[in-house]
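Novice: Sequence lines, in order, name chains A and B. Heads up: the first sequence runs through residues 1 to 132, numbered per the numbering used here. Heads up: the second sequence runs through residues 133 to 295, numbered per the numbering used here.
Please note that the accuracy of each hint is not assured.
[As the list claims (entries may be wrong)] Computed beta-carbon distance windows for the label pairs:
#1 K116/A to Q280/B: 35 to 43 Å
#2 D39/A to V207/B: 16 to 24 Å
#3 S117/A to R254/B: 34 to 42 Å
#4 T159/B to G8/A: 38 to 46 Å
#5 G266/B to E45/A: 18 to 26 Å
#6 R281/B to G51/A: 40 to 48 Å
#7 R254/B to P50/A: 34 to 42 Å
#8 E153/B to A28/A: 14 to 22 Å
#9 E234/B to G119/A: 20 to 28 Å
#10 A105/A to V222/B: 43 to 51 Å
#11 P41/A to G185/B: 43 to 51 Å
#12 A184/B to K116/A: 30 to 38 Å
#13 T187/B to A69/A: 22 to 30 Å
#14 G246/B to P41/A: 36 to 44 Å
[Unchecked claim] Simulated pairs of lysine to any residue, SDA-like, Cα-Cα distance not exceeding 20 Å:
#15 K261/B to L85/A
#16 K261/B to I293/B
#17 K126/A to A232/B
#18 K116/A to A232/B
It is worth saying that the hints were derived from the structure and are not from the lab. All residues carry an ideal CB built from backbone N, CA and C; glycine is no exception.
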Amino acid sequence: MSSLPEVGAEIPTQVHNPTALDLFMFSASSWLLHRIHYDTPFTTEHEGHPGLLIHGPLQSVYLAQVAEAYLADVARLQSMTYRHLAPAYLGDELECGGIITGANAGAIDVDLWARKSDGTDTTTGKARFDLE
Amino acid sequence: MTPVITEEARAWADREYPEFEFQVTSTDIARFAHATGETNPIHFDRAEAIDAGYTDVVAPTMFPYAIRQHASALVSHDELEPDGSPSADVPPLPTRRAMAGETAMEFGPSIVAGDVITVHKRLADMYEKQGRSGPLVFVEMEFSFTNQRGETVARESFTRIYR
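Pulled out of the complex, with its shape left as it was, chain A reads as follows:
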């Protein structure tokens, strides 16, 4: 994309199907030691989850990536807020997308989400990009 996006424009979605290997790689690369992301017996028997959890921070990386893929040619990610609304488990498919909510001379604002195939949003966020 080389011209400015219009308010209401939808960002092309990116689909993620993180595997156990992806979860482990994210834990290892960020030294995130929480066992609910790699230790299945602990997670199901002790913590009562149906399976390994997809890290919230990994989902926030997905949100930054889907927005940057669309906007990085014209603008730079300046800030992002996000919150986790529902757990995402190993085996869940996450479709990440967004919509342009503001575009003016200085900045572009984007609403972002990671959504399971049943329609549940697991993580939502708002990002602001500075025009370069």
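Go by the hints and put chain B onto chain A.
Specialist: Relative to the frame of chain A, chain B by itself:
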């Protein structure tokens, strides 16, 4: 009603943690980039990064998360909880069931291999609210990330909710 946040727990508020220094290598950047599915060669190839205007391979935007996670969890085994959480992050509350609240991040100049990032971490605030199923305790953590030139490359604040 008895407050959930005891005096002992309240003493954790406005608490500064020891400064943490993270020496960013091209290996750290490549590892995080592969783990998050990045394919842009500026994260892996120095020549490509220099062509793109950086001084060395550049970290993905969300790399500060990995830095601050090391700042919290790069401790000896006996400073970790049984679930893998760093003990220093867990205030003495009657519950340890935590969920993530809102996170806010701001980004400054890019982080490149060779940078030395100093993390300042602070437990900024702790307060309780009455939820539908009982008391909720909100714990707000703040991080700032400064490079060797004194530039703030990122800030983050996040809230953890105990119930």
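Novice: Could you run down the list of hints and mark each one as holding or not?
Specialist: Here's how the hints hold up against the structure:
no. : hint                         : verdict
1   : K116/A to Q280/B: 35 to 43 Å : holds, 42 Å
2   : D39/A to V207/B: 16 to 24 Å  : holds, 19 Å
3   : S117/A to R254/B: 34 to 42 Å : holds, 39 Å
4   : T159/B to G8/A: 38 to 46 Å   : holds, 42 Å
5   : G266/B to E45/A: 18 to 26 Å  : holds, 25 Å
6   : R281/B to G51/A: 40 to 48 Å  : holds, 44 Å
7   : R254/B to P50/A: 34 to 42 Å  : holds, 36 Å
8   : E153/B to A28/A: 14 to 22 Å  : holds, 21 Å
9   : E234/B to G119/A: 20 to 28 Å : holds, 22 Å
10  : A105/A to V222/B: 43 to 51 Å : holds, 46 Å
11  : P41/A to G185/B: 43 to 51 Å  : holds, 48 Å
12  : A184/B to K116/A: 30 to 38 Å : holds, 35 Å
13  : T187/B to A69/A: 22 to 30 Å  : holds, 24 Å
14  : G246/B to P41/A: 36 to 44 Å  : holds, 41 Å
15  : K261/B to L85/A              : holds, 19 Å
16  : K261/B to I293/B             : holds, 10 Å
17  : K126/A to A232/B             : holds, 16 Å
18  : K116/A to A232/B             : holds, 18 Å
Comparing the model with each earlier hint shows no violations; every hint is respected.
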